[in-house]
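Using the hints provided, position chain V relative to the given structure of chain P.
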Amino acid sequence: MQRGTKEYTVWSVGMVIVLLFALFPVFWLAMLSLKSPDTVADGRLIPASWSLENYTGLFAGGFDSPLLRPLINSILIALIATAIAIALASFTAYAIARLDFPGKIAILGGALAIAMFPPISTVGPLFDMWRALGIYDTYLGLIIPYLTFSLPLAIYTLVAFFREIPWDLEQAAQVDGATPLQAFRKVILPLAAPGVFTAAILVFIFAWNDFVFAISLTSSDASRTVPAAIAFFTGESQFTEPTGNIAAAAVLVTIPIIIFVLIFQRRIVAGLTSGAVKG
Amino acid sequence: MSTIAQRGVKTEETSERTRSERRLGLMLCAPAVIAMLLVTAYPIAYAVVLSLQEVDLRFPDQGGFAGLDNYITVFTSGLWWQTVFNTAFITVVSVAIELVLGMALALVMHRALFARGLVRTSVLIPYGIVTVVAAFAWFFAFDPASGFVNGLPFIAEDFAWFGDRFSSFAVIIAAEVWKTTPFMALLLLAGLTTIDEGLYEAAKMDGANAVQRFFRITLPLMKPAILVALLFRTLDAFRVFDSIFIMTGGGQDTESVSILGYFQLISRLNLGLGSAVSVIIFLMVLVIAFVFVKGFGTAVPGREEAK
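So the protein sequences, as listed, match chains P and V. The first sequence: position 61 = 65 (our numbering), numbered continuously. The second sequence: position 37 = 730 (our numbering), numbered continuously.
Mixed in with the good hints, there may be bad ones.
What the hints assert, rightly or not - Each pair of labels, with its calculated beta carbon distance range: (1) P:Thr60 - V:Phe778: 43 to 49 Å; (2) V:Val793 - P:Gly113: 29 to 35 Å; (3) P:Leu193 - V:Val984: 42 to 48 Å.
These are calculated hints, taken from the structure and not from any lab test. Each residue gets a CB set at the ideal place from its N, CA and C atoms; glycine is no exception.
Same shape as in the complex, but just chain P:
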């Protein structure tokens, strides 16, 4: 397609619309968060007076502040859930991609069924079970459902990646005198790493995003994650709305997502579509 043709113009306009569509709500939220508390409700798009007060207010008071504990909880819970999910999913995906054993279809089918499973259906029983087991309102109580519900995505992504790895190279390296461990570390690991990384990003985003489990299985800042904490923000008095603080906290939890997307755009796209199109 040539510059200057009608078609070129149409697609270019389309792209600009897409960019506006995707980014405008984030821009609005960022602007809202930068308004000074007395102008938050002025309804303007661009702040009349700029201020970081909404941000500093979130951390005033250290561990008793509205956001510090939830932020730490969110980061730790998402990281631990990701690490465990990726370990379990790697074993499973390796077995499915490389080994021949009965039950493969059942495992993939079961994983798919869980991907479609309505989380709300497990919330009641988990609430009851976790209270009986003493893990209600703890990290573990959230890590377990997060890793379970992200396993299907991780398994599908990893199976798709592992199938593409030329495993014969491992043997070739061993023929050339490498020990099995060396062959794995120097040949297979570098080839598998991008897939593992992709799956890890998707799992992390899932755990970072969750709201249903976060509000159902926690009751205090001991384990409440940011999305749940924001939903329960209260104003300084009964008559002030915590709009500015919510906007600021919302911007803060969006920053890691934007960083991931900027750095790993290609991998995320590959991971999201790898499982779904093969069928």
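Structure of chain V alone, referenced to chain P:
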């Protein structure tokens, strides 16, 4: 004689190897399978048990076997059917808009002339953003107390978007569509890239215009990708929870089935009734998946691979 003996040895060896491979395969899968069953199969079974009992944590002394009472209560309640209607309404409208917008987005990304990376990166932001954050962004924009929407031309300055059922739905659906269209578009884009460019060239030669090319080539060849995307999005939209919780809290008769389940279970601590709702939601999801797979012939990913 010798050949037979050799053969015997060989099969024994292979079967030994097959057996150890099987054992290793199952061992490697066991942890993930156990984790998945622990948090889905077991709780659902437990939910079925709870749903047949009268369990209210506010009155722990009362209770006992209730048979199908909880289910009868749910099915004879007007509130339940209203939430079913709300959920179906939000699902159908948002998935329909997403399909059209997602297709347009996929075409733009497919034909992107410059800054391909920029477009893909930007559309991934709505996908990755926390749903609660997206819901707040749209809520604040439309909320008369803080938003700019009421200041736009042609919109009454004091219109309370969240004071009415269907205007609340409009904002909830807009937020859902914004957040999930990129996912739809990426799945469609993956299907789009598998279409042979030669087909378009041939059709152009034969005098087909862009619209004809889209309806005669693109759509039919993308049917499998479209069905998979629709299945995933429909099931996902059916669980709608976060946006409603943030924007209306279920007020203005905007409760979805998931919101109803949550309030029964966690706020009212009525585990029996709430579990009945959970089980019914689970069965509805099964029915939707079944209709897509058997009725529309959606090729579920992984199935072919596993064979």
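**Item:** Hint numbers not upheld by this structure, sorted from lowest to highest
**Value:** none
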